[in-house]
Amino acid sequence: MSNDIRIKKGLDIKLKGEAKKTTDTAVLSNFFVLRPEDFHGVIPKLISKVGTKVKAGEPVFYDKSNEDVKFVSPVSGEVIEISRGAKRKILEIKIQADKAQTYQEHGKFDVDAATPEALKAHLLASGLWPFIKQRPYDVIAKPDKMPKAIFISGYASAPLAADLDYTLQGKEAELQAAVSALGKLTEGQVHVGVGKNASSPLAGLSGITLHKVSGPHPSGNVGTLINKIDPVNKGETVWTVAAQDLVIIGELLLTGKFNAERIVALTGSEVKSPRYFVTKLGSEVATMIYDNGVEKDANARIISGNVLNGKEIKPDGYLDYYSNVITIIPEGDDYELFGWTKPVFNKISTSRALTFSWLNPKKEYDLNTNTNGEHRAFVTTGTYEEVFPLDIYPMQILKACMYQDLDEMEALGMYEVAPEDFALTEFVCVSKQPHQKIIREGLDLMLKEIG
Amino acid sequence: MGLKEKLHSFKVKNKDKKWLPAFSALHTFLFMPNETTHGGTHIKAADDLKRTMNTVILALVPCLIFGMFNAGYQHYLALGEIESAKGFLGASFWTIDNLMVGIWQVLPLVVVSYGVGLAVEFIFAIIKGHEVEEGYLVTGMLVPLIVPVDIPLWMLAVAVVFGVVIGKEVFGGTGMNILNPALTIRAFLFFAYPTWMSGDKVWVHGAVERDQMIAEGANLDAISGETILGSYAQNNSVVYDYWDMFWGLIPGSVGETSKFLIIIGALFLIFSKVGSWRIIISTLIGALVMGLIFNGVVDAGWIGESSKFYGLMSVPFWQHLIIGSILFGAVYMATDPVTASQTNKGKWIYGFLIGFISIMIRVFNPAYPEGVFLAILLMNVFAPTIDHYVVQGNVKKRMKRLKVKTA
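Protein chains in written order, with our numbering: chain A, 1 to 451; chain B, 1001 to 1407.
Wrong hints could be hidden among the right ones.
[As the list claims (entries may be wrong)] Here are some chain B residues pointing at chain A (derived, C-beta under 8 angstroms):
#	residue
1	F1031
2	T1174
3	N1235
[Said to hold, decoys possible] Below, in silico cross-link-like pairs of lysine to aspartate or glutamate (EDC-like), each with a Cα-Cα straight-line distance of 16 angstroms or less:
#	chain 1	residue 1	chain 2	residue 2
4	B	K1405	A	E408
5	B	K1396	A	E78
6	B	K1397	A	D334
7	B	K1397	A	D230
8	B	K1403	A	E236
9	B	K1397	A	E408
10	B	K1396	A	D391
11	A	K55	A	E78
12	B	K1011	A	E386
13	B	K1345	A	E385
14	B	K1400	A	D230
15	B	K1345	A	D334
16	B	K1397	A	D63
17	B	K1004	A	D334
18	A	K9	A	D24
19	B	K1006	A	E336
20	B	K1345	A	D391
21	B	K1004	A	D333
22	B	K1403	A	D230
23	B	K1004	A	E336
24	B	K1405	A	E236
25	B	K1006	A	D334
26	B	K1400	A	D110
27	B	K1400	A	E236
28	B	K1396	A	D407
In case anyone wonders, no lab produced these hints; they're calculated from the structure. Owing to the predicted nature of the structure, the values given are computational and were not obtained by experimental measurement. All C-beta atoms in this analysis are idealised placements derived from N, C-alpha and C, irrespective of residue type, glycine included.
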């Protein structure tokens, strides 16, 4: 059965530098980095020390509050550096890759024959668990809780996102193995969203409930999918898995090897030839961004992820554990004469206050990182609702987070949301408020106080 | 080194100074700042608060210019020195003489409003160490447009200080206030100096002065500058026709007379998505409904011509929109996003009640025959309550969903 989901509220941000559908193989990175920061809320306890030899797929650290959740090395090599920040917080675990890769063998796993407990234990032991996230709180799933449903979005609507129909091509076997496994871990269904007019490799899988999604961004956000299909109520849990991570899960189940390979899009207006790369989680981005990419000394922002919720990284930085896109856009650290009052043709706006992007909805823009104004108190109303398709009052929930009223946060729907759901409202915010940060801090507070 | 670099290095050099917000306020008017995003979205839409506020000011400029000409026009017309203009483009309206009166009488109101208001804003920004927020840009423009032309400047200054400090800053500044600051200023004037805010003398430049001269024994004719509402409230006949009211060739507060220009401003605000069409339309609907009810009362014969309410009650309902300041209030005042309802559903209720109550006060309070600003201030107070119930609807839906699940 196919249930269509069509949203009207939202905004497609069209930017220059979409990746062409050709895939290069990235130069093999010498160093790989695991950043505990990528896994929100995890307190890392190290298993390996500096000098430890690890195989690809061998645990490097685990979560202190959830010892079963292991985090594994994407490659085989030697741990050469563990950098720490304030209060000895672990920032990065750096691994020097071997020339010849060896894998931790987990053996082929028969999903159909296994009990859910055995399957869960297998996913935990093999380091696949961190790919499974949960709502409420948008953190790595708690293994002891049965989710009422699992949601996967196979439709990328974010600006300059990697086209999942392209990157998942030919991975049907892995995807099928992964969703079959996930189907055993929930009492409900595995809901998969795919683009309405696209030919997604996910569409042909069995054991899923398929939803055809259409409409502007955030139609491809998994949060939108959840809200429209089966919103999270108090006391309930749903799990979400990113479509590209299904490939790694599936491959390990089929072959017994943790293959950290992933197809990543290099995009953005600063990239000379935007295209796809085959690389691995935690690779140095320098292995990809300079070859027909960005100028060496360009004044550019490199983002691991998309422009709405990716992480800013340095040119010598590393690919985020979860992202499948690197975006490079110009920095906007310059003044603009009368920028607040002159008619604007080269920036996106949802208003028509002498802003003219409404004239030409198809145009691709070259936006920079300028905030286009200063931080202010909330003033305008109704702006967020235009780009926010969830059945939640965005401004009211943001304010509830700011004054930390737990009852109100709960009543207004905090269990249903993740920071990324508020990326568009943050983008259009006239007062330049940091919506995603406000929501993240609100979720953290609830996690701490309510759990 | 260009101006841009000079200002930048000046800012960097003085970044610890207490007065920096004052400099920044001016600096950011010249140059949009070089701030970049950190955490969160890496790109931002083009609009900021300055642009939003500026859009409202643009929508008000025609009203101000018209108001300046009208100040002179009403003055000379009352003196009997010029003919009636008969239409928006009438020859006796757009004259240099009329404009000169406007420059002499109206421009000082604008200067005092902005000068005093922004001074208070700057002082508060420096004391509290935050940036100067843009809220006053619109308030400062609205204030001269909603006062009588001859209001003494010192009164205006006192009222502006009161309105900005008590109406806004004590609540935490722009975005935090409960009452519309411009209307708070008007309310202060209205209750502190009622003789300058109502009656039949204050609406035309020179009328009060002329009265004083007559009182001192000069042999002159008094200038009458009664507003249309005033005439109706006294059950007098009205000397203006509907087109005068629509074009705005009538006495009244400085900027609220031209319904034509207000409608143009409204269309601009709605088109630019800065003003809420929901509030504007629902306010007008509310006013029409109340007008219809009063018409019905008159038609049913429940109230006779001898009643003091007869004059205003018998005004055909649609005419309520072109007399008084209901249109100006609906377009520029009720739509203030900070003090209005913030939910889309709430906006319909909020606007409707403003229109409804405005006309009710207009009819039942003939001593001060205009109720728009009181109605808006009243609904400002109730806007959070309206929002509360609208949001509770969403909360209840969520609770119900949970109950269905667990049942």
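Comparing the hints with the structure gives:
no.: 1; hint: F1031; in the structure: holds (4 angstroms)
no.: 2; hint: T1174; in the structure: holds (6 angstroms)
no.: 3; hint: N1235; in the structure: violated (42 angstroms)
no.: 4; hint: B:K1405 with A:E408; in the structure: violated (21 angstroms)
no.: 5; hint: B:K1396 with A:E78; in the structure: violated (56 angstroms)
no.: 6; hint: B:K1397 with A:D334; in the structure: violated (47 angstroms)
no.: 7; hint: B:K1397 with A:D230; in the structure: holds (14 angstroms)
no.: 8; hint: B:K1403 with A:E236; in the structure: holds (13 angstroms)
no.: 9; hint: B:K1397 with A:E408; in the structure: holds (14 angstroms)
no.: 10; hint: B:K1396 with A:D391; in the structure: holds (12 angstroms)
no.: 11; hint: A:K55 with A:E78; in the structure: holds (9 angstroms)
no.: 12; hint: B:K1011 with A:E386; in the structure: violated (37 angstroms)
no.: 13; hint: B:K1345 with A:E385; in the structure: holds (12 angstroms)
no.: 14; hint: B:K1400 with A:D230; in the structure: holds (14 angstroms)
no.: 15; hint: B:K1345 with A:D334; in the structure: violated (41 angstroms)
no.: 16; hint: B:K1397 with A:D63; in the structure: violated (37 angstroms)
no.: 17; hint: B:K1004 with A:D334; in the structure: holds (9 angstroms)
no.: 18; hint: A:K9 with A:D24; in the structure: violated (36 angstroms)
no.: 19; hint: B:K1006 with A:E336; in the structure: holds (14 angstroms)
no.: 20; hint: B:K1345 with A:D391; in the structure: holds (14 angstroms)
no.: 21; hint: B:K1004 with A:D333; in the structure: holds (13 angstroms)
no.: 22; hint: B:K1403 with A:D230; in the structure: holds (14 angstroms)
no.: 23; hint: B:K1004 with A:E336; in the structure: holds (9 angstroms)
no.: 24; hint: B:K1405 with A:E236; in the structure: holds (10 angstroms)
no.: 25; hint: B:K1006 with A:D334; in the structure: holds (13 angstroms)
no.: 26; hint: B:K1400 with A:D110; in the structure: violated (42 angstroms)
no.: 27; hint: B:K1400 with A:E236; in the structure: holds (15 angstroms)
no.: 28; hint: B:K1396 with A:D407; in the structure: holds (14 angstroms)
When each numbered hint is compared with the structure, violations occur for hints 3, 4, 5, 6, 12, 15, 16, 18, 26.
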